[in-house]
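Q: Sequence:
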Amino acid sequence: MENLRNTIETEGEKEYFNTSDFENLNLPERLPPYEGGGATSYMAKYDTEKVEYLTSMGLEVPEEWMEDGEIRPENRVLLITMFRTAGEIFVLETIRRDLEEVHTDLFREYVANANRRLEQTRVDTKGYRQMVSHNRYVEDIFRDLGHSANPEKRVSREELYQVVRYVIGQFSQNKQE
Numbered sequence: 078m079e080n081l082r083n084t085i086e087t088e089g090e091k092e093y094f095n096t097s098d099f100e101n102l103n104l105p106e107r108l109p110p111y112e113g114g115g116a117t118s119y120m121a122k123y124d125t126e127k128v129e130y131l132t133s134m135g136l137e138v139p140e141e142w143m144e145d146g147e148i149r150p151e152n153r154v155l156l157i158t159m160f161r162t163a164g165e166i167f168v169l170e171t172i173r174r175d176l177e178e179v180h181t182d183l184f185r186e187y188v189a190n191a192n193r194r195l196e197q198t199r200v201d202t203k204g205y206r207q208m209v210s211h212n213r214y215v216e217d218i219f220r221d222l223g224h225s226a227n228p229e230k231r232v233s234r235e236e237l238y239q240v241v242r243y244v245i246g247q248f249s250q251n252k253q254e
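In the numbering used here, the protein residues as written are 78 to 254.
Derived from the structure by calculation, the hints contain no laboratory data. Some hints here could point you the wrong way.
Said to hold, decoys possible - Heads up, simulated SDA-like pairs for lysine to any residue below, C-alpha to C-alpha not over 20 Å straight-line:
#  : residue 1 : residue 2
1  : Lys203    : Ala189
2  : Lys203    : Glu177
3  : Lys203    : Tyr187
4  : Lys203    : Glu151
5  : Lys203    : Asn152
6  : Lys122    : Glu100
7  : Lys122    : Arg193
8  : Lys203    : Glu236
9  : Lys203    : Arg213
10 : Lys203    : Arg234
To be verified - Computed Cβ-Cβ distance ranges for the label pairs, DEER-style:
#  : residue 1 : residue 2 : range
11 : Glu129    : Glu229    : 29 to 35 Å
12 : Leu222    : Ala121    : 14 to 20 Å
13 : Ile172    : Glu141    : 30 to 36 Å
14 : Glu229    : Val168    : 26 to 32 Å
15 : Val209    : Asp182    : 43 to 49 Å
16 : Asn190    : Glu126    : 25 to 31 Å
17 : Gly164    : Asp221    : 41 to 47 Å
Where is the CB? At the ideal position from N, CA and C, for every residue including glycine.
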């Protein structure tokens, strides 16, 4: 996901999705609902179910997020954001499929609303994902000291751009193979 940094800097602020992202997605005709546990929970005990669901939809969880077959604690925020991003994509794709072509302005509005939801619910505004030193975040220090570390599992704005672009890329890439 490192190669996305240049893309992130040129994207418009708060525009995580745009309508053209939905032109080349390779998603099943029927988008299966998530039936695992913890749909609205950020608890680690549900990570495996979320990874299995994402994988079943054609989305690879990056290997660098994993250690010994589990999501590394410092990368759980990225997994949760990936899960939430995929959910937004599935909802928008369902809406896009339901709309007639003449409603492109209406779809743009739905995309703008999804961007606002991501900005308001996924971006860390409390400084947990602020880098301190030696590849450590403020949340790592909280965790090391046994305190609650980023309980809402929010990411930095840059990380959110990276995750969104990665997920869109994965779903688009699968179509071209």
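Q: With reference to the structure, classify each hint as holding or not holding.
A: Do the hints match the structure? See the list:
Taking the CA atoms of Lys203 and Ala189, the gap is about 24 Å. The hint is violated against a cut of 20 Å. Between Lys203 and Glu177, the direct Cα distance comes to roughly 41 Å. Violation of the 20 Å bound is thereby established for this hinted pair. Restraint check for Lys203 and Tyr187: the C-alpha separation of about 27 Å exceeds 20 Å, so the hint is violated. A distance of roughly 16 Å separates the Cα atoms of Lys203 and Glu151; the hinted pair therefore holds under the 20 Å criterion.
Between Lys203 and Asn152 the CA atoms are separated by roughly 18 Å; this keeps the pair inside 20 Å, and the hint holds. The hinted pair formed by Lys122 and Glu100 fails the criterion: a straight-line CA distance of about 35 Å is larger than 20 Å. Proximity of Lys122 to Arg193 is assessed by CA-CA distance (about 29 Å); at most 20 Å being required, the pair is judged violated. A hinted pair counts as satisfied when its Cα atoms are at most 20 Å apart, and Lys203 with Glu236 qualifies at roughly 15 Å.
Pair hint Lys203 plus Arg213 holds up; C-alpha atoms about 16 Å apart against a cutoff of 20 Å. A C-alpha spacing of about 12 Å is found between Lys203 and Arg234, which places the hinted pair at or below 20 Å, so the restraint holds. Look at Glu129 against Glu229: about 23 Å separates their beta carbons, and that is not inside 29 to 35 Å. The beta-carbon spacing between Leu222 and Ala121, approximately 18 Å, falls within the hinted interval of 14 to 20 Å.
Distance hint check for Ile172 and Glu141: the Cβ-Cβ separation is about 33 Å, which falls inside the suggested range of 30 to 36 Å. The hinted window of 26 to 32 Å between Glu229 and Val168 is violated, with their beta carbons roughly 20 Å apart. A beta carbon spacing of about 45 Å between Val209 and Asp182 agrees with the range 43 to 49 Å that was offered as a hint. A beta carbon spacing of about 27 Å between Asn190 and Glu126 agrees with the range 25 to 31 Å that was offered as a hint.
Remark: the range hint 41 to 47 Å for Gly164 to Asp221 is contradicted by a beta-carbon distance near 31 Å.
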